[in-house]
Amino acid sequence: MPVASRPAAAKRIRATAAPKCSVPIVGLTTSEDPTEKEVMLKAGMDIVYVKPLVQAVLRSILREYLKSASPF
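The numbering used here puts the first residue of the sequence shown at 1, with every later residue one more than the last.
In short, the hints are calculated from the structure, not lab data. All figures in this text were calculated on a predicted structure; none of them were measured in a lab. Careful: at least some of the hints might be erroneous.
[What the hints assert, rightly or not] With a straight-line Cα cutoff of 25 Å, these simulated PhoX-like cross-link-like pairs (lysine-lysine) come out:
#1 K37 to K67
#2 K11 to K37
#3 K20 to K42
#4 K67 to K42
#5 K20 to K67
#6 K20 to K37
#7 K51 to K37
#8 K51 to K67
#9 K11 to K42
#10 K11 to K51
#11 K67 to K11
[Claimed, not checked] So the derived label-pair ranges between C-beta atoms look like this:
#12 D33 to R12: 30 to 36 Å
#13 R14 to L58: 30 to 36 Å
#14 S60 to A15: 25 to 31 Å
#15 V57 to A15: 28 to 34 Å
#16 T16 to A56: 27 to 33 Å
#17 L66 to R14: 25 to 31 Å
#18 A4 to D33: 25 to 31 Å
#19 Q55 to A17: 17 to 23 Å
The beta-carbon is built from N, C-alpha and C at its ideal position, and this holds for glycine as well.
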């Protein structure tokens, strides 16, 4: 969402009606600052992944969340 910050976007998603509010949210950041990660998690993200992007790790994260996600 280019017009919203990552935390704001997560909050907006979590405020939507079910079942859309329970979609898994994987945040991506370049910052290793634990405060930023905490803000993103408190906003409703399920996990925050610090770049650089490693495809195998991201694939594993997505597989885990998709396994438990219910279809819309």
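Hints, one by one, checked against the model:
| no. | hint | verdict |
| --- | --- | --- |
| 1 | K37 to K67 | holds (24 Å) |
| 2 | K11 to K37 | holds (15 Å) |
| 3 | K20 to K42 | holds (18 Å) |
| 4 | K67 to K42 | holds (23 Å) |
| 5 | K20 to K67 | holds (16 Å) |
| 6 | K20 to K37 | holds (23 Å) |
| 7 | K51 to K37 | holds (12 Å) |
| 8 | K51 to K67 | holds (23 Å) |
| 9 | K11 to K42 | holds (9 Å) |
| 10 | K11 to K51 | holds (22 Å) |
| 11 | K67 to K11 | holds (23 Å) |
| 12 | D33 to R12: 30 to 36 Å | violated (23 Å) |
| 13 | R14 to L58: 30 to 36 Å | violated (22 Å) |
| 14 | S60 to A15: 25 to 31 Å | holds (29 Å) |
| 15 | V57 to A15: 28 to 34 Å | holds (29 Å) |
| 16 | T16 to A56: 27 to 33 Å | holds (31 Å) |
| 17 | L66 to R14: 25 to 31 Å | violated (19 Å) |
| 18 | A4 to D33: 25 to 31 Å | violated (20 Å) |
| 19 | Q55 to A17: 17 to 23 Å | violated (33 Å) |
In the structure shown, a violation is registered for the earlier hints numbered 12, 13, 17, 18 and 19, in ascending order.
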